[in-house]
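Each protein sequence line maps, in turn, to chains A and B. Take 1 as the starting number for the first sequence in this note's numbering and just add one per residue. Take 1 as the starting number for the second sequence in this note's numbering and just add one per residue.
Hints listed in this document are in silico derivations from the structure and should not be mistaken for laboratory results. There's no promise every hint is true.
Claimed, not checked - For lysine-lysine, the following DSSO-like pairs were computed, each having C-alpha atoms within a straight-line distance of at most 27 Å:
#1 LYS315(B) - LYS338(A)
#2 LYS301(B) - LYS355(A)
#3 LYS315(B) - LYS179(B)
#4 LYS338(A) - LYS339(B)
#5 LYS347(B) - LYS287(A)
#6 LYS186(B) - LYS301(A)
#7 LYS301(A) - LYS238(B)
#8 LYS287(B) - LYS355(A)
#9 LYS343(B) - LYS315(A)
#10 LYS301(B) - LYS347(A)
Spelled out from the first residue to the last, the chains are:
There are 2 protein chains.
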Amino acid sequence: MNNRYCVIMAGGIGSRLWPLSRKDTPKQFHDLLGCGRTLLQQTFDRYSRVVPKENIIVSTHIDYSALVREQLPQLPIDQVLHEPAFRGTAPSIAYVACHIRQLNPNANIVVAQADQLVLNEELFVETVERGLDFVSKNNKLVAVGIKPTVPETRYGYIQADAPVEGFDGMYNVRTFTEKPEYEFAKIFMESGEFYWNSGIYIWNVNTIIDTMTTYLPEMMGELEKVFREIPVRAERRKRGYEIYTSFPNASMDMSVMERADNVCLLVGEFGWADIGTWDTLYGTLPKDTDGNTVMQSRTLKYDSRNNVISAPQGKLVVLQGVEDLLVVDNGNVLMLCKKGSEKHIRKFLNDVRMKLGEEYL
Amino acid sequence: MNNRYCVIMAGGIGSRLWPLSRKDTPKQFHDLLGCGRTLLQQTFDRYSRVVPKENIIVSTHIDYSALVREQLPQLPIDQVLHEPAFRGTAPSIAYVACHIRQLNPNANIVVAQADQLVLNEELFVETVERGLDFVSKNNKLVAVGIKPTVPETRYGYIQADAPVEGFDGMYNVRTFTEKPEYEFAKIFMESGEFYWNSGIYIWNVNTIIDTMTTYLPEMMGELEKVFREIPVRAERRKRGYEIYTSFPNASMDMSVMERADNVCLLVGEFGWADIGTWDTLYGTLPKDTDGNTVMQSRTLKYDSRNNVISAPQGKLVVLQGVEDLLVVDNGNVLMLCKKGSEKHIRKFLNDVRMKLGEEYL
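Bound-form chain A, shown alone (with noise of 0.2 Å):
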């Protein structure tokens, strides 16, 4: 039990879900599903059934690590890793892996996502164990994939390969798919043989530094050289923030995951989403009889239809006549959007940041 380690990806901005998740507050420090807990403060309720709370560590920027403090103040401070600076999943996963091989060098990691909905917490800690069990004793990188419902393009696919002997419900895989179009996704769906990619691995900590040892040598031998050489723990934190800066941008899938040929699957079958978009949100959260969601905020609906509605608690929304509008009010921004436009998102962040200034992100 004492080799399992939970890493939650708590760094991210959640830009697809502005301007409620902001620069400075994410949507994983939101209450994003209105139950009383954030989603980082979930993530880390379910990981806790199945790894100690002291075997958990969150990784995230260092702009974030006061508000990660505040919404987990059981957490003690050695367990929050801030990244110095946003360089995608790949450094922030090698550099947690290389922390933790000096805690453990025989740890075996989940590493969760914070903004993701679990339906079924049962089975998904008995997948979990399972899966890190598995590495326990194999060599192997495992990506837990969800059975998808609907041929859904806003994920990735991970198409499974061969099963593994012995252990149900795991499989080799064959390839990793980026965001499909409609069409594919629908032959994704009907072939039986993909799996959406959860974002959530599984591994042990000498198999992961190996492999990313093979796919990213300059990086991981920067690391490593760092943790070995650096006994006082404050000191090298320092140097390692240091070298972090100078990495490269690089995702974990693009960089080892497609790459890699030790990757297995594993399959999820808990309920699963990424809240990740208006539109997954819009489809997890309860609507009233005229299909409106309303997140936090009192309304009074006159005429009104199929809208989401995201506004502070205590303020009053009131609608009439409207229809398929996505409202969200959050400090100095308000955005109302026609619903199936959310994809503009991008744009208006950009426009917003080349004509307009930080202070809207």
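We have chain A; now place chain B onto it with these hints.
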């Protein structure tokens, strides 16, 4: 010149402009036209050109006297009269008339509304001066009537009768009419006999007190008794407020103007609008090439047309695919209302009062 007085009526709630106009800060205290001065301040500036500043009295509800003092710091406290209760325009005008007669028994008074737009101030000043001159010599109640430019259904109309000999633009009055249906408004306009009732009234202090004594004898009797019998001003005010609260609700138009036989109409051609509704405000404010009107806030607009946006200064409003919508973000209320449905605002307010509570009014 020193017989000229002005009463600025600034006690209304402006509920048709909710949720920008709020119980705690009604529309007259907002810079609705984005010119750097609130409607009250603009009204004060405008009438200062006709009446000496020391003869301008602001009549407001007691809840707003601090706002009046804040926005017109140059106004001595004696020139702010506080109604202790909302009782409509007739008691308000009666009280202030008694008050002014105490100061100057030869006063000629212009009653001004604090929520109007005037385009040509030169012509405006000339018109009001002519009216004040007229009532100093004639025992008449003068209502300023505006020549209609569209068959407006949101204004009351005054029908002119025979012209007053020897005084250009002055007519006897045949009838006052309430806000008409569109078909009637069209007929009114085409007839050339009907004028918009601006709510700007001009009269000598003795004429108005005598006329009101005819139509509201009880109220005037009680008020005059207080002013006659209590010499100390503070005490008089105290007693005056006590009886004020006991008065029934009464509008000046229905209780006095529509019944009196000494009413004249003075034609105003100075470009006028009553800023009572979102619709008028939209008609008044500048629009971008897509017909959007934005008050105060900053906006990014994509594929959005004919909207009215009012949000706090410094707030960014992003619109995508939105048409014909009235968006008002003020304090703890956000209202999205299809344009043309502003008539429902009274219903919203009722529902808010019944279901949610005073803090949203």
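Okay, the hints, checked on the actual structure:
1. With a C-alpha separation of about 20 Å, the suggested pair LYS315(B) and LYS338(A) falls inside the 27 Å cut-off, and the hint holds.
2. For the suggested pair LYS301(B) and LYS355(A), the alpha carbons sit about 13 Å apart, so the restraint of at most 27 Å is met.
3. This hinted pair does not check out: LYS315(B) and LYS179(B) have alpha carbons roughly 37 Å apart, beyond 27 Å.
4. With a C-alpha separation of about 17 Å, the suggested pairing of LYS338(A) with LYS339(B) holds against the 27 Å cut-off.
5. The hinted pair formed by LYS347(B) and LYS287(A) meets the criterion: a straight-line CA distance of about 24 Å does not exceed 27 Å.
6. Restraint check for LYS186(B) and LYS301(A): not satisfied, since their Cα atoms lie roughly 35 Å apart, outside the 27 Å limit.
7. A hinted pair counts as satisfied when its Cα atoms are at most 27 Å apart, and LYS301(A) with LYS238(B) does not qualify at roughly 45 Å.
8. Pair hint LYS287(B) plus LYS355(A) holds up; C-alpha atoms about 21 Å apart against a cutoff of 27 Å.
9. Pair hint LYS343(B) plus LYS315(A) holds up; C-alpha atoms about 22 Å apart against a cutoff of 27 Å.
10. This hinted pair checks out: LYS301(B) and LYS347(A) have alpha carbons roughly 12 Å apart, not beyond 27 Å.
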